[in-house]
Amino acid sequence: MRILLLNQFYRPDVAATGQLLADVGEALAARGHEVHVICSRRRYGGGSLTPAADEVLDGVHVHRVLTTGFGRRRLAGRAADYVSFYFSAAWRALRLARPDVCLSLTTPPFIALIGWMLSKMRGTRNVLWVMDVYPEIAAAYGVLAGRGRLCRALGRISRRLYRDAEAVISL
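So in our numbering, spot 51 of the sequence shown is number 51, and the numbers just go up one at a time.
In case anyone wonders, no lab produced these hints; they're calculated from the structure. A hint or two may mislead.
Taking CB as the label site, the calculated pair distances span [unchecked claim]: (1) Met-1 to Leu-75: 21 to 31 Å; (2) Glu-26 to Gly-123: 19 to 29 Å; (3) Lys-120 to Ala-153: 12 to 22 Å.
Quick reminder that beta carbons are idealized off the backbone N, C-alpha and C, glycines included.
Generate coordinates for the entire structure from the input sequences, incorporating the hints supplied.
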């Protein structure tokens with residue numbers, strides 16, 4: 001089975017989601033699946049990683065995409081980094097052979113839109129692994145107004161992603 005994993009971070013990055021995803025990817029590859037990961041070239045703590053754009057790590061095909069690096073200090077910069085990752089990751093996903101399954105994590109928020117897009121365009125089964133619940137967590141931290149238009153719109157997108165997913169994993 002050809003499996004695509006989507007997350008902003010992947011080993012050797014120290015981000016917890018990247019480490020968890022590496023464990024899953026390596027276990028799937030060890031069972032004979034063809035596993036691909038699309039992640040960013042940027043580090044969780046800032047700066048760029050030095051690994052190649054495309055490499056195989058422990059049987060997993062890792063595809064690192066370029067993104068902006070405005071950082072996490074300001075909401076606008078973080079949003080720009082997310083959007084640039086969405087576009088770069090979507091472009092890379094469309095250039096890969098059609099995966100049978102796409103597993104999307106929730107870092108960055110709404111990266112599952114790419115898995116959803118692949119399910120609609122290419123018949124890929126879409127699985128969502130929820131690490132954080134968006135937009136609710138952003139509202140809880142005061143980043144978004146809980147009753148504002150943006151939060152309500154993001155909530156509708158989130159509910160659609162959950163509803164359309166073949167499976168939702170929550171830990």
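Going down the list of hints, with the structure as the test:
Between Met-1 and Leu-75 the beta carbon distance is about 39 Å. The supplied range of 21 to 31 Å is therefore violated. Take Glu-26 and Gly-123: their Cβ atoms lie about 26 Å apart, and the range 19 to 29 Å holds. Our hint of 12 to 22 Å for Lys-120 and Ala-153 holds, since their Cβ atoms are close to 20 Å apart.
Of the numbered hints given earlier, the model fails hint 1 alone.
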